[in-house]
Amino acid sequence: MSCHTTGAVLDEEVIEQPPTPVGPKRLRTVALIGPPNCGKSTLFNRLTGLRQKVANYPGVTVEHHSGKMKSIGRSDLTLIDLPGIYSLATYSEDARVAVDVLTGKMPGVPRPDCVLLVLDATHMNRQLMLAAPVFSIGLPTLVLLNMSDQLESRGGKIDTLALAKELGHPVQLISAAQGKGLDVIPEFLLRAGSKPDDGSRPVQLPILQSAASCRNWATQVTGRTKYQAPEAALWTRRLDNVLLHRIWGPLVFLAVVVAVFQVVFTIGQPLSDGMGIVLTNWGAHAALLLPDNWLRLLLRDGLWNGVQSVLVFLPQILLLFLFIGILEDSGYLARAALIADRVMRAIGLNGKAFIPLLSAYACAVPAIMATRTIENKRERLATIMVAPFMTCSARLPIYTLIIAAFIPNTKFLGGVIGLRAMVMLSLYALGFLAALVTAKMLNSSVMKASPAPFILELPQYRWPTPQGLALRLYDRGMLFLKKAGTVILACTFIVWVLSVLPIHGAQFSALTSSYIGHLGHWIEPVIRPLGFNWKIGIGLLSSIVAREVIVGTLGTLYGVDPATHSVGLQAALRHDMTLGGAIALVVFFAFAMQCTSTLAVVRRETNSWKYPAIQFAYMTVVAYVAALVTNQVIVRLF
Amino acid sequence: MKITALSNAKVGSAGVVERIDLPEEVSHHLAHLGFLPGTQVEILRRAPAGDPRVYRIDGVEVGLRNETAKHIFLKIKKEDAA
Chain U
1 MSCHTTGAVL
11 DEEVIEQPPT
21 PVGPKRLRTV
31 ALIGPPNCGK
41 STLFNRLTGL
51 RQKVANYPGV
61 TVEHHSGKMK
71 SIGRSDLTLI
81 DLPGIYSLAT
91 YSEDARVAVD
101 VLTGKMPGVP
111 RPDCVLLVLD
121 ATHMNRQLML
131 AAPVFSIGLP
141 TLVLLNMSDQ
151 LESRGGKIDT
161 LALAKELGHP
171 VQLISAAQGK
181 GLDVIPEFLL
191 RAGSKPDDGS
201 RPVQLPILQS
211 AASCRNWATQ
221 VTGRTKYQAP
231 EAALWTRRLD
241 NVLLHRIWGP
251 LVFLAVVVAV
261 FQVVFTIGQP
271 LSDGMGIVLT
281 NWGAHAALLL
291 PDNWLRLLLR
301 DGLWNGVQSV
311 LVFLPQILLL
321 FLFIGILEDS
331 GYLARAALIA
341 DRVMRAIGLN
351 GKAFIPLLSA
361 YACAVPAIMA
371 TRTIENKRER
381 LATIMVAPFM
391 TCSARLPIYT
401 LIIAAFIPNT
411 KFLGGVIGLR
421 AMVMLSLYAL
431 GFLAALVTAK
441 MLNSSVMKAS
451 PAPFILELPQ
461 YRWPTPQGLA
471 LRLYDRGMLF
481 LKKAGTVILA
491 CTFIVWVLSV
501 LPIHGAQFSA
511 LTSSYIGHLG
521 HWIEPVIRPL
531 GFNWKIGIGL
541 LSSIVAREVI
551 VGTLGTLYGV
561 DPATHSVGLQ
571 AALRHDMTLG
581 GAIALVVFFA
591 FAMQCTSTLA
601 VVRRETNSWK
611 YPAIQFAYMT
621 VVAYVAALVT
631 NQVIVRLF
Chain C
1 MKITALSNAK
11 VGSAGVVERI
21 DLPEEVSHHL
31 AHLGFLPGTQ
41 VEILRRAPAG
51 DPRVYRIDGV
61 EVGLRNETAK
71 HIFLKIKKED
81 AA
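Residue numbers (the working numbering), protein chains in the order written: chain U, 1 to 638; chain C, 1 to 82.
By construction, these hints were calculated from the structure, which means they are not laboratory data. Model, not experiment: these values are computed from the prediction.
Cβ-Cβ distance ranges computed for the label pairs, FRET-style: (1) Lys10/C <-> Leu251/U: 19 to 27 Å; (2) Arg528/U <-> Asn66/C: 49 to 57 Å; (3) Ile3/C <-> Ala162/U: 35 to 43 Å; (4) Ala571/U <-> Glu67/C: 53 to 61 Å; (5) Leu519/U <-> Glu67/C: 50 to 58 Å; (6) Asn66/C <-> Ala613/U: 33 to 41 Å; (7) Ala346/U <-> Ile3/C: 28 to 36 Å; (8) Glu67/C <-> Ser597/U: 32 to 40 Å; (9) Glu18/C <-> Ser153/U: 34 to 42 Å; (10) Ile3/C <-> Lys482/U: 56 to 64 Å; (11) Lys10/C <-> Arg342/U: 19 to 27 Å; (12) Leu251/U <-> Glu18/C: 33 to 41 Å.
By construction, the Cβ of each residue, glycine as well, lies at the ideal position given by its N, Cα and C atoms.
With these hints in hand, go ahead and build the complete structure from the sequences.
Dropping the structure here:
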């Protein structure tokens with residue numbers, strides 16, 4: 001009893017003490033800077049617990065990300081992740097952004113109070129070149145030598161104490177991937193915050209030292225601190241002997257691409273079907289709790305049908321992102337860029353365009369933002385213009401729906417390759433082809449080719465961490481669910497309301513005599529030659545917001561049957577569309593610019609409405625013509 | 001010792017960078033990857049299509065197209081080892 005009391009008194013005393021020594025100058029903002037591919041994004045995730053794209057490819061982090069440093073108990077501090085740069089010389093947009101933030105010239109971003117400089121410990125001679133210009137900015141800086149695990153395991157050595165003495169800034173070996181050595185960060189922040197600020201800090205602009213002098217300095221410093229570079233990872237060399245082999249390389253490349261689509265189908269489809277059944281059951285059970293009136297109709301037939309017909313594609317989208325994540329994080333993507341460069345050059349695009357274009361397979365929005373790594377303005381614009389042709393994941397719902405409904409599940413080569421996966425793959429190829437042709441056209445007319453070099457750093461192969469992949473999937477999954485819960489929900493609501501109004505007496509309208517029925521019949525003459533009925537027309541209109549909305553709209557429109565779920569929608573479409581119309585529909589989606597987010601990001605990145613307007617008009621015309629030809633050809637053939 | 005363009009050096013050979021005749025923003029980028037006079041380069045491999053090729057400089061592997069590599073000159077130290 002007495003013990004208890006004493007404890008309580010002690011607790012009170014502890015509470016009454018000031019929590020942390022607060023210095024004269026309070027820290028608010030911390031900047032994280034480092035060369036590309038030094039593991040900066042991994043460290044950012046470690047420190048903030050915030051999800052950010054982690055990729056094993058130079059130049060992926062273009063946007064500046066920020067987050068509260070929650071994971072080390074400093075929620076009062078904001079960590080700003082700067083783009084990965086080799087130097088502060090402002091040849092690229094990335095470096096300009098970094099310099100602007102560090103010198104407090106970036107509008108809306110407070111000037112950082114201190115800097116965490118991340119360097120890859122396995123390449124010190126090169127990485128240290130960034131240190132001199134960063135120090136010259138004059139902010140308190142902590143030097144973090146990342147990848148200590150790799151340095152040690154491959155026999156490298158560095159004397160961090162001697163290095164700290166040379167640099168005049170604290171130095172620590174860390175492993176962001178394994179979370180080792182990070183204790184030094186809160187200590188540094190505490191010291192940086194409690195140091196009296198006498199205002200005498202030299203405020204000077206970064207000196208644009210020549211690369212050669214930076215290099216000399218770096219080599220001298222590493223020499224004096226007895227730096228021993230680690231041996232090259234032998235298995236990276238051995239793996240590249242196969243993966244970049246003259247014959248095996250391209251074969252593996254193709255096999256990887258085919259395998260991804262095959263697995264997305266063979267594993268994703270049953271998962272989607274199962275999810276569809278579960279969601280329909282939930283809807284049916286929940287509907288029984290509601291009174292049997294218009295509210296039940298609205299919630300079940302209108303909203304639930306629409307939203308769940310989009311939700312069932314979550315497994316396939318997650319699988320696709322899992323594969324893209326593995327390819328990026330392992331380092332294979334850079335090899336793929338090396339293999340693909342020949343093709344990219346043939347159409348006059350920079351090899352660097354390959355990465356944005358490849359990530360456009362997931363979503364055009366981050367891809368268009370990633371084009372900032374392309375220094376050449378015209379090539380960057382060309383890449384932005386063609387990126388939305390790449391088959392993004394928002395096209396998957398309508399593709400899988402139509403393929404499952406209209407393409408027989410035939411297998412070839414003893415069941416290894418399926419007809420459905422092949423059709424899907426050809427749709428991807430179609431988008432790629434459209435991008436190639438468009439790039440070629442841009443290149444030979446408006447934008448003449450210019451000699452921008454292809455310089456590609458090949459990172460060591462790494463095992464993708466489950467944590468990194470999980471964060472990526474969580475991020476993408478939440479994005480998709482949020483969309484389903486907002487944009488798609490709103491669209492299906494509007495579609496449902498318009499499909500039951502006006503009210504005649506006490507009765508809802510029949511679909512054909514509703515507002516949406518009238519609108520659909522009004523536009524039908526335009527789309528009839530493509531083999532689309534008026535319901536598809538409404539789907540096309542609603543999907544201008546986002547491609548996947550069409551599935552929700554069709555789910556709602558065909559949702560008069562209480563038992564409608566994805567399978568029911570397939571049956572409804574089979575009954576209501578010809579083969580020609582169905583194939584024309586996916587062809588239309590392969591080309592059309594049905595995405596307001598992409599248009600908005602193109603507007604932002606090009607700083608003009610001209611380019612998104614041209615893009616929208618061009619892609620819609622191509623889509624219409626292609627769908628028209630497809631339908632007419634199939635109608636005549638079969 | 002003979003001086004040759006990087007794009008002409010055989011896979012497997014190695015040398016020391018002599019000079020780089022490229023526009024400043026390109027040579028600046030290359031410099032930060034280690035392409036500076038006096039640095040040792042090894043011609044590691046070619047991409048399946050033959051171009052670009054992969055060079056090893058200062059522990060880093062860098063892919064360059066021949067159109068870029070032909071402006072980088074090196075003093076060959078080691079002829080094809082294989």
